[in-house]
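Construct all of the structure, not just a fragment, from the sequences and the given hints.
As they're listed, the protein sequences go chains X, D, C and P.
Heads up: the first sequence begins at 1 in my numbering, then just goes up one per residue.
Heads up: the second sequence begins at 1 in my numbering, then just goes up one per residue.
Heads up: the third sequence begins at 1 in my numbering, then just goes up one per residue.
Heads up: the fourth sequence begins at 1 in my numbering, then just goes up one per residue.
A couple of the hints might just be wrong.
Said to hold, decoys possible - Using 35 angstroms as the maximum straight-line C-alpha spacing, the simulated DSBU-like pairs for lysine-lysine come out as follows:
(1) D/K410 / P/K24
(2) X/K347 / X/K174
(3) X/K456 / X/K410
(4) P/K24 / D/K391
(5) X/K391 / D/K456
(6) X/K272 / C/K24
(7) X/K410 / D/K352
(8) D/K352 / C/K24
(9) D/K391 / X/K352
(10) X/K174 / P/K24
(11) D/K410 / C/K24
(12) D/K272 / X/K347
(13) X/K410 / C/K24
(14) X/K352 / C/K24
(15) P/K24 / D/K82
(16) P/K24 / D/K83
(17) D/K347 / X/K391
(18) X/K391 / X/K272
(19) C/K24 / X/K82
(20) X/K391 / D/K391
(21) X/K83 / C/K24
(22) P/K24 / X/K114
(23) X/K303 / P/K24
(24) X/K391 / C/K24
(25) X/K83 / X/K272
(26) P/K24 / D/K303
(27) D/K391 / C/K24
(28) X/K352 / D/K352
(29) D/K456 / D/K391
(30) D/K272 / C/K24
(31) X/K352 / P/K24
(32) D/K410 / X/K352
(33) P/K24 / D/K464
Stated by the list, open to error - Simulated restraints, written as ranges between beta carbons of each label pair:
(34) D/E346 / X/D389: 31 to 41 angstroms
(35) X/S25 / D/T28: 43 to 53 angstroms
(36) D/I204 / X/S25: 48 to 58 angstroms
(37) X/L54 / C/T59: 49 to 59 angstroms
(38) P/S23 / D/L42: 45 to 55 angstroms
(39) X/S25 / D/R31: 20 to 30 angstroms
(40) D/T28 / X/E200: 15 to 25 angstroms
Simulated from the structure, these hints should not be mistaken for lab results.
Idealized CB from N, CA, C, for every residue including glycine.
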Amino acid sequence: METLIQAAYLIAAALFILGLKQMSSPVTARRGILWAGAGMVLATLVTFMSPQILDSDQVSTNIALIMIAIALGGGYAWYSGKKVAMTDMPQMIAMYNGMGGGAAAAIAAVELIKASNEAAHDVTGNAAVADMLGADVAILGILGAVIGTISFSGSIIAWAKLDGRLNRSRLLPKQHIINALLAIVTLGFAVAIYFTNSIETIIIFYLLALVLGVFITVPVGGADMPVIISLFNALTGLAVGFEGYVLGNAAMIIAGIVVGSAGSLLTQLMAKAMNRSVANVFFAGVGTNVVATSSSGNEGVMKEIQAMDAGILMSFASQVVIIPGYGMAVAQAQHKIWELTQILTEKGVSVKFAIHPVAGRMPGHMNVLLAEAGVPYDMIYDMEDINADFKNTTVALVIGANDVVNPSAKTDSSSPLFGMPILDAIDADNVIVIKRGRGTGFSGVENPLFFADNTKMLFGDGQKAASELIQAVKEL
Amino acid sequence: METLIQAAYLIAAALFILGLKQMSSPVTARRGILWAGAGMVLATLVTFMSPQILDSDQVSTNIALIMIAIALGGGYAWYSGKKVAMTDMPQMIAMYNGMGGGAAAAIAAVELIKASNEAAHDVTGNAAVADMLGADVAILGILGAVIGTISFSGSIIAWAKLDGRLNRSRLLPKQHIINALLAIVTLGFAVAIYFTNSIETIIIFYLLALVLGVFITVPVGGADMPVIISLFNALTGLAVGFEGYVLGNAAMIIAGIVVGSAGSLLTQLMAKAMNRSVANVFFAGVGTNVVATSSSGNEGVMKEIQAMDAGILMSFASQVVIIPGYGMAVAQAQHKIWELTQILTEKGVSVKFAIHPVAGRMPGHMNVLLAEAGVPYDMIYDMEDINADFKNTTVALVIGANDVVNPSAKTDSSSPLFGMPILDAIDADNVIVIKRGRGTGFSGVENPLFFADNTKMLFGDGQKAASELIQAVKEL
Amino acid sequence: MIEGLAAIYIFMLAGFTGYEIISKVPVILHTPLMSGSNFVHGIVLVGAMVALGIAETTTEQVIGFFAVLLGAGNAVGGYVVTERMLEMFKPSDKKKEGEGS
Amino acid sequence: MIEGLAAIYIFMLAGFTGYEIISKVPVILHTPLMSGSNFVHGIVLVGAMVALGIAETTTEQVIGFFAVLLGAGNAVGGYVVTERMLEMFKPSDKKKEGEGS
Ligand SMILES: NC(=O)c1ccc[n+]([C@@H]2O[C@H](COP(=O)([O-])OP(=O)(O)OC[C@H]3O[C@@H](n4cnc5c(N)ncnc54)[C@H](OP(=O)(O)O)[C@@H]3O)[C@@H](O)[C@H]2O)c1
Ligand SMILES: NC(=O)c1ccc[n+]([C@@H]2O[C@H](COP(=O)([O-])OP(=O)(O)OC[C@H]3O[C@@H](n4cnc5c(N)ncnc54)[C@H](OP(=O)(O)O)[C@@H]3O)[C@@H](O)[C@H]2O)c1
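Following this line, the structure appears as C-alpha cells:
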C-alpha cells in the first residue's frame, strides 16, 4: 500500500511539472491544466488509503471530517470560481492562494501542537518541540508556519483591496517601522517555539504572524497587487514544500518547491516589467506614486474627433493597430472591440492588437480579456514584434491605455516613466485615443501623445465609444 | 568531514547544472564551462578526503595510484585536447566520451567483483551478488555496466571511423540479426551476474558487451556519426548516474542523469534535423543512402564562371549571403572566407552568413568552423531568419554546400530529401557555387540549383577558389 | 521517506525545474501561469488530509478540518479559474485549419 | 546516502532539469553542448577514485586504476575541447562595444 501511494505521488509530481510546462505555451496550455488536475485527483484519492490515516484511533470520524471539509471547501471554491467574472480573476487567485497558505500553516499548527504536547508529557518533563521533531523538521515546520500564515492573511488583504472592499493604505503611523519591529517579535516567538513546549507560545506566534501579513500588505498600492499576489503565491509554494518535508510527503515537497521557484521568477519578471524592484513595491507604499502628478507644462490642446469620422478613417485604413489598456478592462469593452475588429476585417482592413507587457493591472491582463472576447492569439502582438510596424500603420486605436503609450518614457529623463519601454503608437499616421476625459494613468504622469499633431481624442467610456465606432463603421 | 564532502558535491552538482544552462547561450557559454570546471575541481579535491578512501587498508598505495592515474589520463587528454584541429573535434569528443563510459563500466566491475567475492565467501556459501548489494544497487550497477561498456567500445569505433582509421561498414553477413542475438545473450549474462557469484560470468559478460558495442557501431554510416556520438554521450551519462547510485554519490547521480536526459533530447533534435529517426540511423546502415543516387534526368548544363568575374559581381553587390557546407570543412576554407568577407565589407557590401541546421557533418559544424576563423556570431543567421532575405540578395555564394540548398527538397516529392527544410539560395539574383566538380552531396541526389538560370559554377577546391576570389576582389 | 541530504538535493533540483519552466514563458501567459502554479500548490490538500487524519484531540481536529477546508478551496478553486482562463486561449480558425492539414 | 524513493525523485527531477536546459538551445551551440555535457559526465572520475580507493586485491586495483585513468581523460579532455570551442564564439566588435555602453 505504502509503495502504491508513493508511486501515485511520484506520478502526481511528474504530472504537475509536465502540466506547468505545457501551460507555458498557448497551444498546449489547456492540456497542461488537465494533466495537473489529473495529478491532483490521483494524489487526493490515494491519500485516503494512507496507513497514517487508516491507523488513527479516530479513523472513521476523521475520514468523515475530511470528506465534509473537502465537500465544503471544494464546493464553495468550485461555485465561486465558476461564477467569478474574468475581470475579477486576480482577487480570486489571491483568495485561493491565501487558502493554500492557510492550509500549510494549519498543518504546521497540528504538528507543532502535537509535538508540544508530547514534549510536555515527556519523561524528562523538560523537552522542547525541537527534541520531539528533530532539528530539521522543527525548523522547516516553523518556517513554513511563518510563511504560510503571512501568505494567508496577506492574500486576504490583497483580495479585499482588489475587490474594492478595503481602500486604506495606512493603518498606523510609521507603518514600516512597526512592521519591522513586528517581524522581529514574530521571529522571536518562532525561535521560542523551537526551544519550548508551550502551547501559548504557538498561539501568540500565529496571531503575530497573521497581523504581520496584514500590516505588510495594507500599504501596497492596489495596482502593485499582482506582484504581491505572485509573491504570496511563491511563498505559499515554499510553505507547502516545507510542510511536505515535515510530513515526509514528496509530492508536496516537489510541487511546493517548483511553485516556489517558478513563482519567485515570475514575481521578478512582473516587477521588472513595471520598472520597479520587488522591495520597492513593498516599501514605497502608495504614497510615492502621487508625487509625480505634475510633470506638466504640457497643457497643449487636445483635438477631439467624433465617432463617425473616426469610423471613416478606420474603414479606409490599410492597417489598424488596436492598443488596449486598463481603461478597456474598466469599461469591459473587449467584446465590442472584437466586434469592431471583425467588421473592419471584413472590409479588408488588416487589424492587429498590440499588447504592452504591463498594460492593465496584472501581467497578461489584456491577453486574458481579449481571449475571453474571442480574439485569436495570433492576432495579438507583443511589444517587440509590433513596434517597428507602427510606421506602416494608418490608424493606431488606443483604448483606455495611457502610460504604455507615453512617449515621455523615451524623451523626458525627468519623467518617472523614463526608461520604460513603450508602444510607439505615435509613429502611426493617425492616432485615435478613446478615454473618458483628461484622467492620467497609473503613474499619474501627463501624456504628450494626446497633444501630438497626429492624435485625435474620442472622449467617452470605452464600451460606449466602441459601440459608436461599430455603428459608424457599419453604416458606411 | 562527511558533511563537508556532501556539501561540496551538492555545490558541484549545482555548478554543473548552472554551467550547462549558461552554455545554452553564446553570450554566457564561456562562463558556463568555467563554472562546470570549477565544480569538477571541487568534487575531485574533496574526494581525496573521503573516509571510504582514507579508511582503506591500502590507503597510501591507492592514493598514489589515483594520483598517477589522474596525471597520466588527465595529462594525455590535456595534451591531445589542446592539439587537436577544430575539424577533428567530433572524434575527440567521441573518444573522451568513450573513456567516461569505460570508467563507469570499470567502477561497476570493481563493485561486482567485490560483491561476487563476498557472496562466494558468505556463511551460507550460496549467496548471490544481488544478496550482497541489494536488489536496487545490483540492478542499477549491472545496467550501468552494460550501458557503459557499450558506450566505451562503441565510441572507440566511432572515433576510428571519423578519424579515417576504419572504413568497413560490415563485419559479418546478416550483421543486424547477429547483433540482436548478441544483445540477448549479453542480457542473459547480465541477469546471470545478478543471481550467481561467479567471476567468470562477469568476465564473459564484459567481453560480450564490448563486442556488442563494436557490432552496433560499425554499420553506422560515417555521416550519421554525430547522432551516434550524441547517443553514446547520453548513455554514458546514464551509466554514470547509475554507478553514482551504487556508490551513493549524489553528484554523480545528478550530473549523470542530467546529461542522460539532455543528451537524449539533443540526439533526437539532431536526428530530426537530418530528416531521420534514431532507429533508422542504427538499422539502416550505410547501404540505404546509395540507392537514391540517380533521381537524374536533370543533366542540364552548368554554366561556369571565372573567379575574376565572380569577384566583380560580388564587389558591386549590395548584399552577399555566404552559404557554407561540408565542402568548406573539407577544404578548410573558413579562414579565407572570413578574409573575403572582411574585404567585401570594407567595400561597403553587406555580407551575411546563412547556416543550415545540418550543414556539414555535425550539428553546429559550420558555426564552430566560422567561429574558429573569427566570424562574429551576429553575422551568422539561422535558416528561419535569413530565408526571406534571399529575395533582397544580389549574390548567394554557396561554398561546398549541396543538399542544404537543393530545391528539389521542396519541389520533387520523389526526392529522398523531400520535406527537409532548405536554404532558399535560388531566390537570390545570382548564385555562385564553389565546388570541385559534379560530385553529389551526402544524400547522393542531383541538385537542380546547379542548373538554374541564375546559377554559375566556380569549380575548384574550396580553399583555392576562395583565395582566387580574394585576389579578384582585391585587385578591383 | 525523504530526509536530510536527499531532501536538499530534491529542493535544489525542484528549484531548478521550476525556474527553467518559467524562464522562457511569453507574457501572454503570465496570469494563467500564476493561476496554474497557484493550483499546483493546492497539493497542500493532501498534507491537510493527513494532518486531519492523524488528529487525536478536538483542537487538532478543528485545526485539521480548517486545513482540509482551505486546502480543498485552493485545489478546486485554482483548477476552476485556471481552466476557465486557458480555455479561452484559442488560435484563429484559419490557423487551426492550417495546423490540422 | 541517496536511496530508494528519494533516488527515484532525484532521477526524475534531474531528468526534467536536463531536458529543460537543452530544450531551447540554438543549433549554433549543439556541438559545444554535446561536448559540454560530455565534460559533465566526467564526474565519473570521482566515482573511479572511490572505486580505486577502496580496492583491496590487485585485480581491483588494476581495474580501479583503469577507471581513474579513463575518468580523468573524460574530465580533462572534455574540459579542454569544450573550452577551446566556446572561446571562439565571440560577437563582433561593434556589438561588444554596444553592450559595454
Ligand atoms: N500589468 C500589470 O501587471 C500592472 C500592474 C500594476 C501596475 N501597472 C501599471 O499600470 C499602467 C498600465 O498602463 P495602461 O496604459 O494600461 O493604463 P493606465 O496608464 O493606467 O491608463 C488607463 C487609462 O484608461 C482611462 N480609462 C479609465 N477608465 C476608462 C473607461 N471606463 N473608458 C475609457 N477609458 C478609461 C483613463 O483615462 P480617463 O480617466 O481619462 O478615462 C486612464 O488614462 C502602467 O503604468 C503599469 O506600470 C501594471
Ligand atoms: N550537420 C550534421 O549534423 C549532419 C550529420 C550527418 C549528415 N548530415 C547530412 O550532410 C548533408 C550536409 O549538407 P551540405 O550541403 O553541408 O554538404 P553536402 O550536401 O554533403 O555537400 C558537400 C559538397 O561539398 C563539395 N565539396 C567536397 N569537398 C570539397 C572541397 N574540398 N572544396 C569544395 N567543395 C567540396 C562536394 O561536391 P564536389 O565533390 O563536387 O566538390 C559536395 O557536393 C545533409 O544532407 C545532411 O543531412 C549532416
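Against the structure, the hints come out as follows:
1. For a cut-off of 35 angstroms, the pair hint linking D/K410 to P/K24 stands: about 27 angstroms separates their Cα positions.
2. Taking the CA atoms of X/K347 and X/K174, the gap is near 60 angstroms; set against the 35 angstroms cutoff, the hint is violated.
3. Between X/K456 and X/K410 the alpha-carbon distance is near 21 angstroms, which keeps this suggested pair within the 35 angstroms criterion.
4. Distance check on the hinted pair: P/K24 and D/K391 sit about 29 angstroms apart at the alpha-carbon level, within 35 angstroms; holds.
5. Of the supplied pair hints, the one linking X/K391 and D/K456 is violated, its CA atoms being roughly 39 angstroms apart against a limit of 35 angstroms.
6. Simply put, X/K272 and C/K24 have alpha-carbon atoms about 15 angstroms apart, close enough for the 35 angstroms limit, and the pair holds.
7. Among the hinted pairs, X/K410 with D/K352 is consistent with the structure: their alpha-carbon atoms are about 32 angstroms apart, no more than 35 angstroms.
8. Using a Cα cut-off of 35 angstroms, the hinted pair D/K352 and C/K24 holds, with the two alpha carbons roughly 28 angstroms apart.
9. Restraint check for D/K391 and X/K352: satisfied, since their Cα atoms lie roughly 26 angstroms apart, inside the 35 angstroms limit.
10. For the hint linking X/K174 to P/K24, the alpha-carbon distance of about 48 angstroms lies beyond 35 angstroms, and the restraint is violated.
11. For the hint linking D/K410 to C/K24, the alpha-carbon distance of about 32 angstroms falls within 35 angstroms, and the restraint holds.
12. For the hint pairing D/K272 with X/K347, the CA-to-CA distance comes to about 43 angstroms; that exceeds 35 angstroms, so the pair is violated.
13. Taken as a hint, the X/K410 and C/K24 pair is honoured in the structure, with Cα atoms around 27 angstroms apart against an allowance of 35 angstroms.
14. Distance restraint check for X/K352 and C/K24: the Cα-Cα separation of roughly 24 angstroms lies within the 35 angstroms cut-off, and the hinted pair is therefore satisfied.
15. A threshold of 35 angstroms between alpha carbons decides the hint, and for P/K24 with D/K82 the separation of about 30 angstroms falls inside it, so the pair holds.
16. Of the pairs offered as hints, the one joining P/K24 and D/K83 holds, with about 32 angstroms between alpha carbons and a cut-off of 35 angstroms not exceeded.
17. Between D/K347 and X/K391, the direct Cα distance comes to roughly 31 angstroms. Compliance with the 35 angstroms bound is thereby established for this hinted pair.
18. In summary, the hint linking X/K391 to X/K272 is supported, as the alpha carbons are separated by about 27 angstroms, within the 35 angstroms threshold.
19. Proposed proximity of C/K24 and X/K82 is supported: the alpha carbons are some 30 angstroms apart, at most 35 angstroms.
20. For a cut-off of 35 angstroms, the pair hint linking X/K391 to D/K391 stands: about 22 angstroms separates their Cα positions.
21. Of the pairs offered as hints, the one joining X/K83 and C/K24 holds, with about 32 angstroms between alpha carbons and a cut-off of 35 angstroms not exceeded.
22. Between the alpha carbons of P/K24 and X/K114 the distance comes to roughly 48 angstroms, so the proposed pair goes past 35 angstroms and is violated.
23. Of the pairs offered as hints, the one joining X/K303 and P/K24 is violated, with about 48 angstroms between alpha carbons and a cut-off of 35 angstroms exceeded.
24. Proximity of X/K391 to C/K24 is assessed by CA-CA distance (about 29 angstroms); at most 35 angstroms being required, the pair is judged to hold.
25. Restraint check: the Cα-Cα separation between X/K83 and X/K272 comes to about 32 angstroms, which is no more than 35 angstroms; the hinted pair holds.
26. Taking the CA atoms of P/K24 and D/K303, the gap is about 42 angstroms. The hint is violated against a cut of 35 angstroms.
27. For a cut-off of 35 angstroms, the pair hint linking D/K391 to C/K24 stands: about 32 angstroms separates their Cα positions.
28. For the hint linking X/K352 to D/K352, the alpha-carbon distance of about 31 angstroms falls within 35 angstroms, and the restraint holds.
29. Only pairs whose Cα atoms come within 35 angstroms are accepted, and D/K456 paired with D/K391 is accepted, the gap being roughly 17 angstroms.
30. Proposed proximity of D/K272 and C/K24 is supported: the alpha carbons are some 23 angstroms apart, at most 35 angstroms.
31. Restraint check: the Cα-Cα separation between X/K352 and P/K24 comes to about 28 angstroms, which is no more than 35 angstroms; the hinted pair holds.
32. Only pairs whose Cα atoms come within 35 angstroms are accepted, and D/K410 paired with X/K352 is accepted, the gap being roughly 31 angstroms.
33. Distance restraint check for P/K24 and D/K464: the Cα-Cα separation of roughly 38 angstroms exceeds the 35 angstroms cut-off, and the hinted pair is therefore not satisfied.
34. Checked against the hint of 31 to 41 angstroms, the pair D/E346 and X/D389 passes, with Cβ atoms roughly 34 angstroms apart.
35. Look at X/S25 against D/T28: about 24 angstroms separates their beta carbons, and that is not inside 43 to 53 angstroms.
36. The hint said 48 to 58 angstroms for the Cβ distance between D/I204 and X/S25, and at roughly 50 angstroms that hint holds.
37. Between X/L54 and C/T59 the beta carbons are some 22 angstroms apart, a value that contradicts the proposed interval 49 to 59 angstroms.
38. Separation of P/S23 from D/L42 is about 28 angstroms and departs from the stated range, judged on CB atoms against 45 to 55 angstroms.
39. Checked against the hint of 20 to 30 angstroms, the pair X/S25 and D/R31 passes, with Cβ atoms roughly 29 angstroms apart.
40. The hinted window of 15 to 25 angstroms between D/T28 and X/E200 is violated, with their beta carbons roughly 53 angstroms apart.
This entry does not satisfy hints 2, 5, 10, 12, 22, 23, 26, 33, 35, 37, 38 and 40, going by the numbered hints stated previously.
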